[in-house]
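From first to last, the protein sequence lines stand for chains A and B.
Per our numbering, residue 22 is the first one in the first sequence, and the count goes up by one each step.
Per our numbering, residue 49 is the first one in the second sequence, and the count goes up by one each step.
By construction, these hints were calculated from the structure, which means they are not laboratory data.
Please read these numbers as outputs of a predicted model, since none were measured by experiment.
Please note: incorrect hints may appear among the correct ones.
[As the list claims (entries may be wrong)] The following residues of chain A were derived to be distant from chain B, with all beta-carbon distances above 12 Å:
1. Gly104
2. Ser285
3. Tyr286
[To be verified] From the derived model, a few chain A residues whose C-beta atoms are all more than 10 Å from chain B:
4. Ser48
5. Leu221
6. Ile244
[Claimed, not checked] Think about it this way: if two alpha-carbon atoms lie no more than 27 Å apart in a straight line, the pair counts; the simulated DSS-like pairs of lysine-lysine are:
7. A:Lys311 / A:Lys288
8. A:Lys249 / B:Lys304
9. A:Lys261 / A:Lys311
10. A:Lys62 / A:Lys100
11. B:Lys75 / A:Lys392
12. A:Lys77 / B:Lys317
13. A:Lys333 / B:Lys67
14. B:Lys75 / B:Lys289
15. A:Lys224 / A:Lys213
16. B:Lys304 / A:Lys346
17. B:Lys58 / B:Lys91
18. B:Lys67 / A:Lys261
19. A:Lys77 / B:Lys304
20. A:Lys62 / A:Lys118
21. B:Lys304 / A:Lys288
Think of the CB as a built atom: it goes at the ideal place given N, C-alpha and C, for glycine as much as any other residue.
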Amino acid sequence: MNIHEYQGKALFKQHGVKVVEGVHCTSVSEALDAYDHLQSKVVAVKSQIHAGGRGKGNLYSPGSRDLVMEGGVKIAFSKDDVGTYSENILGNILVTKQTGEEGKLVNHLYVESGCDIAHEYYLALLVDREQKSVLVMASTEGGMDIEEVAEETPELLHKLNIDPNAGLLGYQIRDLGLALGLQGAAHKSFGKMLKALYSLFLKEDCAMVEINPLVRSSDDEMIALDAKVSFDENAEFRHKSWDDIRDLSEEEDVEIRAKETGLSYVKLDGNIGCLVNGAGLAMATMDVIKLYGGEPANFLDVGGGANEEQVKTAFSIILEDPNVKGILVNIFGGIMRCDIIARGVIAATESLGLTVPLVVRLAGTNVDEGKAILASSTLNIHPADDLAEGAQKIVELIGGDV
Amino acid sequence: MAIWIEEDAKVLVQGITGKQGMFHADKMVEYGTNIVGGCTPGKGGQTVDLQGNAYPVWDSMFEAIETTDAHATVIYVPPPFAAEAIMEAADAFDQIKGEGVVVCITEGIPTLDMVKAVAFVENRPGVRLIGPNCPGIITPGDGGGAKIGIMPGHIHAKGRIGIVSKSGTLTYEAVAQTMSIGEGQSTCVGIGGDPVNGTGFIECLAAFEADSQTEAIVMIGEIGGNAEQEAAAWAKENVTKPIVGFVAGATAPPGKRMGHAGAIISGGKGTAEEKFEAFEAAGIACARDPSELGAVLLESLKAAGLR
């Protein structure tokens, strides 16, 4: 789960990570008030969306798709500037290299005081899957695309793994500070910040905290000028406060509804809907559709113990996508029984008045009963014995080449 | 032989009085798994009925292992308590026997809980953790066998193919593929789809290489991380038995979590293509369609003079 920069910075402030003063706004008038309140000659006017590359992104009008302004993060030198920039940002679509062409509607702004920057750094904390611990990554090359730094000048990207038993140790902080060339007050300020960030990371169940840029101010203080924070959704049960800061407008409505019914759904661009049990098999089903010349319309995992109702919901979610020209159901019954799935499929197709071709592949527990149920139905359901056959059939039925 | 779990291994069930735990404990007994009881804090002294017989419940894993001398435990405890259940089992096995296998089925455990639990288990070198968020481990026997997890037992048969996979149902698909060419399995291990887990691919490959029953290996990966790439590089140097591989997620878009918490392409890394390439570079025979795993395996067996 991602949160906005302004929310991340509020969290930083709460945990003792130094940020500059800023105000979250949702209207131009609030932005103008914020300028007055901040009493800073120069302010940054920053679009708030859940995607990176905002500074280099462009704003477009939602209707005409005309270019409104270049750059989603602007430096304002006057109140008039704040007015112009916030007007150009709010209610428009920001397209960055991370949002895809469709971009994201900007509903939130962050107006932040200026800051005297001596140098820009990069700092991130994340879970390292290979080392099975929290990893700190830091670089003197702040403000840059960190993947490029990792690729081109890996020696400038410094890493340290934190032993979960020992925690973040003094020598690790010292070494990392030295590697970044920090001295004196700046070094001390960096150490304090890193400790605060690690404690925040653990307490808030973060998946990632990224600060790009982290800046050293002219008076040697380390300040988080950006905040990209994401949480581990598995830990939601112990963070009731996440409900308040979750921005549902940033998430696909249909993906949220799917999740509420215990389904895992991701919309894709193709035209063959998939309904599968298990994440790995669902991915493999998409892959095989593509292999036989089709394009999957979605990833959909109905989970291990889906009932008739969930199967029906799954069908209705798949059919909401107007691109869907056919559906492939692929079930390898383990805990899930094929006869239950077969009944669910029939109930769903009947009640939803399915008009697109449907191929059903069943295997595993109670497969014979399941197949018999499908065969005895008067509905136009095409059976398949294995995944390849199922994929080939559905591609053929929607008129694709095999 | 087989790996880690013998056909007659004595198995405990943590969370045996819960709905999931009881359901799957019953299925395991039905398959022939030597279930010796279970553990649910606060319900010690009770019994649960599995396939018409009463099985004892203990309050603690220390008591349960001391009384039964169990070899393994399987965890069906809800996510908020699962990491602690892993650590309790690891501690008890370590102190009482110096060894044991902990299989965690639970899906949805917070990643930082797993960071802690995995470090805890790694401090107890005799204890092996499999999972979490996995189907478990199964060693099919001559009649019955040891099914420790949620996989459908009836699709398996004892044989010489070792299977290791990150996914659940895709593992069943792989099992069915081996059966389609008349081959059974030595042991099938689901290592799980979470970003931080216990046993990894390399440990499974090493165990299969050392196991006399296993003559070929099927390895199923998915997008996210680089465990598959590392395993492939390791296999190239260390595994002499034929390996057949598949990676799920070639069509998955970057930045989107595909069901499993770990199945996400981030920063352009962890793509299926990258992993297939690593497999091929290591001499692993790849199927691009899981329905062809059987055919690819058959060819590999023939090439190795095993068919």
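Against the structure, the hints:
Once the 12 Å rule is applied to beta carbons, Gly104 of chain A is consistent with being away from chain B; the minimum gap is 34 Å. Interface exclusion of Ser285 of chain A from chain B breaks down, the closest Cβ pair being 4 Å apart, not more than 12 Å. With a closest Cβ-Cβ approach of about 9 Å to chain B, Tyr286 of chain A is found to fall inside the 12 Å limit, against its non-interface label. Consistency note on Ser48 of chain A: stated as away from chain B, and its beta-carbon is indeed over 10 Å from all of that chain's, at 30 Å minimum.
The claim that Leu221 of chain A is not at the interface with chain B holds, since no C-beta of that chain comes within 10 Å of its own (minimum 12 Å). Under the 10 Å C-beta cut-off, the non-interface status given to Ile244 of chain A relative to chain B holds; the minimum distance is some 25 Å. Straight-line distance between C-alpha atoms of Lys311 of chain A and Lys288 of chain A comes to about 15 Å, which keeps the hinted pair within the 27 Å bound. For the suggested pair Lys249 of chain A and Lys304 of chain B, the alpha carbons sit about 17 Å apart, so the restraint of at most 27 Å is met.
Of the pairs offered as hints, the one joining Lys261 of chain A and Lys311 of chain A is violated, with about 41 Å between alpha carbons and a cut-off of 27 Å exceeded. Between the alpha carbons of Lys62 of chain A and Lys100 of chain A the distance comes to roughly 9 Å, so the proposed pair stays at or under 27 Å and holds. For the given pair, Lys75 of chain B sits about 23 Å from Lys392 of chain A by alpha-carbon distance, which is consistent with the 27 Å threshold. For the hint pairing Lys77 of chain A with Lys317 of chain B, the CA-to-CA distance comes to about 23 Å; that is within 27 Å, so the pair holds.
Only pairs whose Cα atoms come within 27 Å are accepted, and Lys333 of chain A paired with Lys67 of chain B is accepted, the gap being roughly 24 Å. Note on Lys75 of chain B and Lys289 of chain B: the hinted pairing is violated, with a Cα-Cα distance of about 33 Å set against a maximum of 27 Å. At most 27 Å may separate the alpha-carbon atoms for a hinted pair to count; Lys224 of chain A and Lys213 of chain A meet this at roughly 17 Å. Among the hinted pairs, Lys304 of chain B with Lys346 of chain A is consistent with the structure: their alpha-carbon atoms are about 23 Å apart, no more than 27 Å.
Proposed proximity of Lys58 of chain B and Lys91 of chain B is supported: the alpha carbons are some 21 Å apart, at most 27 Å. As the CA atoms of Lys67 of chain B and Lys261 of chain A are separated by approximately 26 Å, the hinted pair is consistent with the 27 Å bound. Of the supplied pair hints, the one linking Lys77 of chain A and Lys304 of chain B holds, its CA atoms being roughly 23 Å apart against a limit of 27 Å. Between Lys62 of chain A and Lys118 of chain A the CA atoms are separated by roughly 31 Å; this puts the pair beyond 27 Å, and the hint is violated.
Distance hint between Lys304 of chain B and Lys288 of chain A is fulfilled; the C-alpha atoms sit about 10 Å from each other, no more than 27 Å.
When held up to the earlier numbered hints, the structure conflicts with 2, 3, 9, 14 and 20 and fits the remainder.
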